[in-house]
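Student: Listed here are the chains, written in short residue letters.
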Amino acid sequence: MTPKNLYQKIWDNHVVHEEPGKPSIIYIDRHLIHEGTSPQAFAGLKSEGREVRRPDLTFAVMDHSVPTKDRLLPIVDHDAKLQFEALAKNCAETGVRLFDMHSQNQGIVHIIGPELGITQPGQTIVCGDSHTSTHGAFGTLAFGIGTSEVEHVLATQCLVQGKSKTLHIVVNGKRPKGVTAKDIILAIIGKIGIGGGTGHVIEYGGEAIRALSMDGRMTVCNMSIEGGARAGMVAPDDTTFAYMEGRPFVPRGKDFQAAVEHWKLLRTDDGATFDMTIELRAEEIGPQVTWGTNPGMVTSVTGRVPDPHDFKDLNDQKATESALKYMGLKAGTPIVDIPVDRVFIGSCTNSRLDDLRAAAQLVAGKHVAKSIKQALIVPGSRGIKTQAEKEGLDRVFTQAGFEWRDAGCSMCIGMNADVLPPHERSASTSNRNFEGRQGRDSRTHLVSPVMAAAAAIAGHFVDVREFDVAHVE
Amino acid sequence: MPLDKVNVDTDQMVPKQFLKALTREGFGRILFYDWRYFQPGDRPNPDFVMNFPRYNGASVLLARTNFGCGSSREHAPWGVKDYGFRAIIAPSYADIFYNNCFKNGILPAILKEAEVDELFKRTEKEEGYSLSIDLPNQTISDKHGLTYTFEIAPARKEVLLKGLDDIAQTLQHATEIDAYEEGHPSTATMYETVDVKYYSNGR
Numbered sequence: 001m002t003p004k005n006l007y008q009k010i011w012d013n014h015v016v017h018e019e020p021g022k023p024s025i026i027y028i029d030r031h032l033i034h035e036g037t038s039p040q041a042f043a044g045l046k047s048e049g050r051e052v053r054r055p056d057l058t059f060a061v062m063d064h065s066v067p068t069k070d071r072l073l074p075i076v077d078h079d080a081k082l083q084f085e086a087l088a089k090n091c092a093e094t095g096v097r098l099f100d101m102h103s104q105n106q107g108i109v110h111i112i113g114p115e116l117g118i119t120q121p122g123q124t125i126v127c128g129d130s131h132t133s134t135h136g137a138f139g140t141l142a143f144g145i146g147t148s149e150v151e152h153v154l155a156t157q158c159l160v161q162g163k164s165k166t167l168h169i170v171v172n173g174k175r176p177k178g179v180t181a182k183d184i185i186l187a188i189i190g191k192i193g194i195g196g197g198t199g200h201v202i203e204y205g206g207e208a209i210r211a212l213s214m215d216g217r218m219t220v221c222n223m224s225i226e227g228g229a230r231a232g233m234v235a236p237d238d239t240t241f242a243y244m245e246g247r248p249f250v251p252r253g254k255d256f257q258a259a260v261e262h263w264k265l266l267r268t269d270d271g272a273t274f275d276m277t278i279e280l281r282a283e284e285i286g287p288q289v290t291w292g293t294n295p296g297m298v299t300s301v302t303g304r305v306p307d308p309h310d311f312k313d314l315n316d317q318k319a320t321e322s323a324l325k326y327m328g329l330k331a332g333t334p335i336v337d338i339p340v341d342r343v344f345i346g347s348c349t350n351s352r353l354d355d356l357r358a359a360a361q362l363v364a365g366k367h368v369a370k371s372i373k374q375a376l377i378v379p380g381s382r383g384i385k386t387q388a389e390k391e392g393l394d395r396v397f398t399q400a401g402f403e404w405r406d407a408g409c410s411m412c413i414g415m416n417a418d419v420l421p422p423h424e425r426s427a428s429t430s431n432r433n434f435e436g437r438q439g440r441d442s443r444t445h446l447v448s449p450v451m452a453a454a455a456a457i458a459g460h461f462v463d464v465r466e467f468d469v470a471h472v473e
Numbered sequence: 474m475p476l477d478k479v480n481v482d483t484d485q486m487v488p489k490q491f492l493k494a495l496t497r498e499g500f501g502r503i504l505f506y507d508w509r510y511f512q513p514g515d516r517p518n519p520d521f522v523m524n525f526p527r528y529n530g531a532s533v534l535l536a537r538t539n540f541g542c543g544s545s546r547e548h549a550p551w552g553v554k555d556y557g558f559r560a561i562i563a564p565s566y567a568d569i570f571y572n573n574c575f576k577n578g579i580l581p582a583i584l585k586e587a588e589v590d591e592l593f594k595r596t597e598k599e600e601g602y603s604l605s606i607d608l609p610n611q612t613i614s615d616k617h618g619l620t621y622t623f624e625i626a627p628a629r630k631e632v633l634l635k636g637l638d639d640i641a642q643t644l645q646h647a648t649e650i651d652a653y654e655e656g657h658p659s660t661a662t663m664y665e666t667v668d669v670k671y672y673s674n675g676r
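As they're listed, the protein sequences go chains A and B. Be aware that the first sequence starts at 1, since it is given in the working numbering, and climbs by one per residue. Be aware that the second sequence starts at 474, since it is given in the working numbering, and climbs by one per residue.
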């Protein structure tokens, strides 16, 4: 038999219909929806008199616009309230399971899928959200879709898809202390560019990827889309199976053992090929900080803000010039000399227990700098929040001067009240530093949770390796 | 209308505050909102190309590499269409945005970088510069004799030309979907009851 890579295996296992020269119809195992990109899909379905084919394989959650405090008070944002009501009504009418904002399992859609075990190896998973790539950490084919496709999946449990090319990204060697999954993925995007993965599905491999926890692998896969790839995946292994066991939607006992035997086959065969391969050495990666207005505009914390003339391409020069103007930065400024106004630790990229534990250990016994206007910790889910509170992390954060909030997308996208004000600068663990992303005219620097925590303490970016980083795995 | 910027993301096309709408209509008014208007009061920014009187009523959007990157929000192509653009010309697009264009009857034509450069030059030089796009023959031409051929997959072209309802198309394969489900039984069983009282619809 011809050796296959992981993507080809999952693809082949999901083809419902194919014919030469045309895109295929592929089956979707899990469909995740949220209040932001689903109302028009349900409306479309209704107007055509169509039904949800598999409400049992569809899961809904409120995350994008939910308040992260005072959740028991009435919702003051009228438009958000209408969205919540629409989602609740649509789910009630169609029988789709909903985790509303008062559910103890509520959280960011890409956090709760894996946390509850809805996400499992070998599946196809889609969601009207580009960070659906997160679920690829389990060896699933998971990608973001538009609202028309949400409607398509609701009606048919299938999608019409052309096959992607494949990109193998191998990160060899061992990560230095203080360098996290976030730094690995930012370094990858810095290398391939934000369009580098366009048309491709990424499989991540190599010693440094294998050494990551599931939380770390999710961070890496999450930002595949920032490198242009709709999906990124890591083949499942013992780390994956250990994570899965005992989660609410994961089979138990003998069924679990049988599932693991099946999941073990989900790996790229020896001799299988990829359309493109890129290798990096983990030892050469330092803590990363973005300086511009897309995630590819990134450098090591030991670096400086670049000069537009450092770039050969005229379009790159123009983009850099415009990014520096927007960011209010001068070329040549050392990254560590950039002051920070607000710190945000949260988002589907970095709001899991590993992230919160590492940040908490770094800030324990210290205090947020006086110049910092706000330092927010927003756990990715209420499950994570509860566990963190059991471990006392909430007290560590609040004693250090951070605000401890309820779960949601929060300041990553600023659809609720957590907005970065104009011209203010954040150290943010989120995924996008686009213009206006966290608030109109706001200035976002993407970093890892420990780098964000260190910036909160220092009031400006610092090399986290100067802190005690023995614990930063 | 020439938008001379690489890596334009969908956050710029339709910023987050407009993602709370429940319908697909009205996004043309706010397309490129933060670049197009000064605040407060939505005063037009005279330096943004969309507010140049010469590009009023433009139906072709000329763009640069990796157009439409970032968020999967279909609000972006809804805005592009609602504003009145019927086609986009760029050297490359982000995957999700590209896909979303076809769901909304927008042609995202791909030309070589040098060809796009030439169109930028001609658009900026000549007021009222116009292009004819022939989708069946996959050509873009102007009245000075310039003709470029653009790439598009045959199945994509068919979708635009026939305006097909792709859900109906897929439902024609309902028996195959049934057969797939029988051969690959998939269930999402919850093995422990987690706070059932918190599910708003009691499931």
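A portion of the hints provided could be inaccurate.
As the list claims (entries may be wrong) - Straight line, CA to CA, 25 Å or less: simulated PhoX-like cross-link-like pairs of lysine-lysine:
1) Lys478/B <-> Lys318/A
2) Lys177/A <-> Lys366/A
3) Lys598/B <-> Lys318/A
4) Lys616/B <-> Lys46/A
5) Lys366/A <-> Lys325/A
6) Lys81/A <-> Lys616/B
7) Lys616/B <-> Lys594/B
8) Lys318/A <-> Lys585/B
No lab work stands behind these hints, which were simulated from the structure alone.
Student: Each hint should be assessed against the structure and marked as holding or not.
Tutor: Verification of the supplied hints:
Straight-line distance between C-alpha atoms of Lys478/B and Lys318/A comes to about 8 Å, which keeps the hinted pair within the 25 Å bound. For the suggested pair Lys177/A and Lys366/A, the alpha carbons sit about 20 Å apart, so the restraint of at most 25 Å is met. Among the hinted pairs, Lys598/B with Lys318/A is consistent with the structure: their alpha-carbon atoms are about 20 Å apart, no more than 25 Å. A hinted pair counts as satisfied when its Cα atoms are at most 25 Å apart, and Lys616/B with Lys46/A does not qualify at roughly 46 Å.
A hinted pair counts as satisfied when its Cα atoms are at most 25 Å apart, and Lys366/A with Lys325/A does not qualify at roughly 34 Å. The straight-line distance between the Cα atoms of Lys81/A and Lys616/B is roughly 52 Å, outside the 25 Å bound, and the hint therefore fails. Proximity of Lys616/B to Lys594/B is assessed by CA-CA distance (about 15 Å); at most 25 Å being required, the pair is judged to hold. For the proposed pair Lys318/A and Lys585/B, the alpha carbon gap of about 20 Å is at most 25 Å, so the pair holds.
In summary, the structure is inconsistent with hints 4, 5, 6 from the numbered list given earlier, while agreeing with the others.
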